[in-house]
Amino acid sequence: MQLTLFYIFAAVLVFAATMVITSRNPVHSAMFLVLAFFNAAALWLMAEAEFLGVVLVVVYVGAVMVLFLFVVMMLDINIAPLREGFTRYLPIGAAVALVMLAQMVMVLSSDHIQLISSEAAPSGVADNTRAIGSVLYTDYLYPFELAGIVLLVAIVAAIMLTLRRRPGVKRQNPAKQVRVRKADRLRVLQIPAESRIVPNAAAQAEDKK
Amino acid sequence: MAEIQELLWILAKILVIVIPLFTAVAYMTYAERKVVGWAHVRKGPNKIGIWGLLQPLADAGKLVMKEIIIPSAANKVMFLLAPVLSLAPALAVWAVIPFDEGLVLADINVGLLYVLAMTSMGVYGVLVAGWSSNSKYALLGALRSAAQVVSYEIAMGFALVGVLMAAGSLNLSDIVRAQEGPFWHWYWLPLLPLFMVYWIAGVAETNRLPFDMVEGESEIVAGFQVEYSGMSFAVFFLAEYTNMILVGAIAAIAFLGGWYSPFHGIPVLGPIFDVVPGIVWFCLKVGFFQFCYFWIRASFPRYRYDQIMRLGWKVLIPVTLVWLVVESGLILAGVGPWF
Chain A
1 MQLTLFYIFA
11 AVLVFAATMV
21 ITSRNPVHSA
31 MFLVLAFFNA
41 AALWLMAEAE
51 FLGVVLVVVY
61 VGAVMVLFLF
71 VVMMLDINIA
81 PLREGFTRYL
91 PIGAAVALVM
101 LAQMVMVLSS
111 DHIQLISSEA
121 APSGVADNTR
131 AIGSVLYTDY
141 LYPFELAGIV
151 LLVAIVAAIM
161 LTLRRRPGVK
171 RQNPAKQVRV
181 RKADRLRVLQ
191 IPAESRIVPN
201 AAAQAEDKK
Chain B
210 MAEIQELLWI
220 LAKILVIVIP
230 LFTAVAYMTY
240 AERKVVGWAH
250 VRKGPNKIGI
260 WGLLQPLADA
270 GKLVMKEIII
280 PSAANKVMFL
290 LAPVLSLAPA
300 LAVWAVIPFD
310 EGLVLADINV
320 GLLYVLAMTS
330 MGVYGVLVAG
340 WSSNSKYALL
350 GALRSAAQVV
360 SYEIAMGFAL
370 VGVLMAAGSL
380 NLSDIVRAQE
390 GPFWHWYWLP
400 LLPLFMVYWI
410 AGVAETNRLP
420 FDMVEGESEI
430 VAGFQVEYSG
440 MSFAVFFLAE
450 YTNMILVGAI
460 AAIAFLGGWY
470 SPFHGIPVLG
480 PIFDVVPGIV
490 WFCLKVGFFQ
500 FCYFWIRASF
510 PRYRYDQIMR
520 LGWKVLIPVT
530 LVWLVVESGL
540 ILAGVGPWF
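As they're listed, the protein sequences go chains A and B.
Residues in the first sequence are numbered from 1 upward in steps of one, following this note's numbering.
Residues in the second sequence are numbered from 210 upward in steps of one, following this note's numbering.
The hints are simulated quantities; they were obtained by calculation from the structure and are not laboratory data.
Every residue gets a Cβ at the ideal spot worked out from N, C-alpha and C, and that includes glycine.
Hints are not guaranteed to be accurate.
Which chain B residues stay away from chain A? Per the calculated CB distances, all over 12 Å, these [stated by the list, open to error]:
no.: 1; residue: R251
no.: 2; residue: G253
no.: 3; residue: I257
no.: 4; residue: F498
no.: 5; residue: V531
Pair by pair, the computed Cβ-Cβ distance ranges are [claimed, not checked]:
no.: 6; chain 1: A; residue 1: L151; chain 2: B; residue 2: K275; range: 47 to 55 Å
no.: 7; chain 1: B; residue 1: K523; chain 2: A; residue 2: A131; range: 30 to 38 Å
no.: 8; chain 1: A; residue 1: R181; chain 2: B; residue 2: F509; range: 16 to 24 Å
Mimicking DSSO-like on lysine-lysine, the simulated pairs with C-alpha atoms at most 27 Å apart in a straight line are [stated by the list, open to error]:
no.: 9; chain 1: B; residue 1: K275; chain 2: B; residue 2: K256
no.: 10; chain 1: A; residue 1: K170; chain 2: A; residue 2: K182
no.: 11; chain 1: B; residue 1: K271; chain 2: B; residue 2: K256
no.: 12; chain 1: B; residue 1: K275; chain 2: B; residue 2: K345
no.: 13; chain 1: B; residue 1: K271; chain 2: B; residue 2: K252
no.: 14; chain 1: B; residue 1: K285; chain 2: B; residue 2: K271
no.: 15; chain 1: A; residue 1: K176; chain 2: B; residue 2: K523
no.: 16; chain 1: B; residue 1: K345; chain 2: A; residue 2: K170
no.: 17; chain 1: B; residue 1: K271; chain 2: B; residue 2: K243
no.: 18; chain 1: B; residue 1: K285; chain 2: B; residue 2: K345
no.: 19; chain 1: B; residue 1: K523; chain 2: A; residue 2: K182
no.: 20; chain 1: B; residue 1: K523; chain 2: A; residue 2: K170
Input sequences plus hints: build the corresponding full structure.
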């Protein structure tokens, strides 16, 4: 049962990954990438890494790919010129793929590198969310904080790159808009209901136009 | 053989969840029109059946009979896939919702994260619908939706981080059990700012008024679903209402003590109110949130787009960050009866 499920997820994953690079439409590619992430998450769930599997969906499917799709949808890409490069770059791509395959085989079949099996997880801890948390905030605290600072710098840099003030452009100032009070915009006039309304200066100016 | 039997059992359990859910959705549309009608001092639907009670059936019949029109320049596969993409995650979340003590389809360790993951999947339905319709209004609606959902998901996630810090678990049943007791033991009190942020973000996530930039009739007609008709439109509708009930259910679990009665554990009142089954209390709490949805809809005008973004990024997220720090202090100090 478990083996059958594994092969189903793996087959869909490989199919989706292939479609990402062969699909003619960039939006289709992005959607196939979503499918690939989803199946990878399912595989992780089957390996009892439920925290990593669900976080993969939250981060990559829920946020990164949404923004990716957001950009791809706005582009009106002419597909034909993109296809021309495909055969030209095929040898380089194949070479890179072969090197990666060789590395993977070396890592997975090597006796020197012991892959951490699921039994190696801290014993006595039932859920691996707790296990990851306890390791992350004790043994790996400094690398973890370093990663946080690198991400923060990246955020600040991205905002600085897009933050530009052009002169001569009318723009709304939200702070000013929020500070507006009722009294600034609204005037309540008391007009006697029965008597004739005396036309005020504004109405006269209107008439002259 | 045993595996097939197990699968059939799971299938039966899914049906037991989904059929009442769809009935609830149908009668929520009725309740919405009644409540909004009452707020506007008019009657609402009252012609079909007694008090208009058969109105949802008539609506469903009408939608089934209608033709599904696919625009000629639309991307057909994606156009028909979009409603499914929005409904499937909305239903998938219900697998981890505990309705009562032990009454849950899948009692998984990372329940809260799973909920976040699935609710964030819902935006794909809107995005794909907007793009594949090949219509300006639909694309604008989809882009607005993507920006809005990504922004409010952060605030929502932080609000739920507060809950998991307090409960010390990601399992939804454990979160409810950690709040065992009368209503002042529930997390709405120590986490009041987070509760408010969660609720506002929840209304925004489900694209309901006053945050329905995605549809915005006065600006972009009906947004992403402008080209949809008949059943394909009805599926979007179903997904939206399922998500509304879901946000209410998560709020009830995370902040209002799930299946516990408000007087649980009090000497005299407790045993009297504990006679009522937990699932009834759960449904009442969820129903309260649904009423709030309609109430808010009838009361507030639509937000402007840039103000929605401002509210999400500059108000809600800082509020959650500050309160997470305060909460850490409360937990360290061991302020009772919550921590």
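Hints, verified against the model:
1. No Cβ of chain A comes within 12 Å of the Cβ of R251 of chain B; the nearest lies about 28 Å off, and the non-interface call holds.
2. No beta-carbon of chain A comes within 12 Å of the beta-carbon of G253 of chain B; the shortest separation is about 32 Å.
3. Distance to chain A confirms I257 of chain B as a non-interface residue, since its nearest Cβ pair spans about 40 Å, more than 12 Å.
4. With a minimum CB-CB distance of about 23 Å to chain A, F498 of chain B clears the 12 Å threshold, and the non-interface call stands.
5. With a minimum CB-CB distance of about 18 Å to chain A, V531 of chain B clears the 12 Å threshold, and the non-interface call stands.
6. Range check, L151 of chain A to K275 of chain B: about 49 Å between beta-carbon atoms, so the 47 to 55 Å window is met.
7. Here the CB-CB span from K523 of chain B to A131 of chain A is close to 36 Å, well matched to the stated 30 to 38 Å.
8. Evaluation of the 16 to 24 Å hint for R181 of chain A and F509 of chain B yields a pass: the beta carbon distance comes to about 19 Å.
9. Between K275 of chain B and K256 of chain B the CA atoms are separated by roughly 22 Å; this keeps the pair inside 27 Å, and the hint holds.
10. Proximity of K170 of chain A to K182 of chain A is assessed by CA-CA distance (about 24 Å); at most 27 Å being required, the pair is judged to hold.
11. Restraint check: the Cα-Cα separation between K271 of chain B and K256 of chain B comes to about 16 Å, which is no more than 27 Å; the hinted pair holds.
12. This hinted pair checks out: K275 of chain B and K345 of chain B have alpha carbons roughly 24 Å apart, not beyond 27 Å.
13. Between K271 of chain B and K252 of chain B the CA atoms are separated by roughly 22 Å; this keeps the pair inside 27 Å, and the hint holds.
14. For a cut-off of 27 Å, the pair hint linking K285 of chain B to K271 of chain B stands: about 24 Å separates their Cα positions.
15. Restraint check for K176 of chain A and K523 of chain B: the C-alpha separation of about 15 Å stays at or below 27 Å, so the hint holds.
16. Between K345 of chain B and K170 of chain A the CA atoms are separated by roughly 26 Å; this keeps the pair inside 27 Å, and the hint holds.
17. A distance of roughly 20 Å separates the Cα atoms of K271 of chain B and K243 of chain B; the hinted pair therefore holds under the 27 Å criterion.
18. Between K285 of chain B and K345 of chain B, the direct Cα distance comes to roughly 17 Å. Compliance with the 27 Å bound is thereby established for this hinted pair.
19. A C-alpha spacing of about 23 Å is found between K523 of chain B and K182 of chain A, which places the hinted pair at or below 27 Å, so the restraint holds.
20. Restraint check: the Cα-Cα separation between K523 of chain B and K170 of chain A comes to about 22 Å, which is no more than 27 Å; the hinted pair holds.
Violation of the numbered hints given earlier is absent; every hint is satisfied by the structure.
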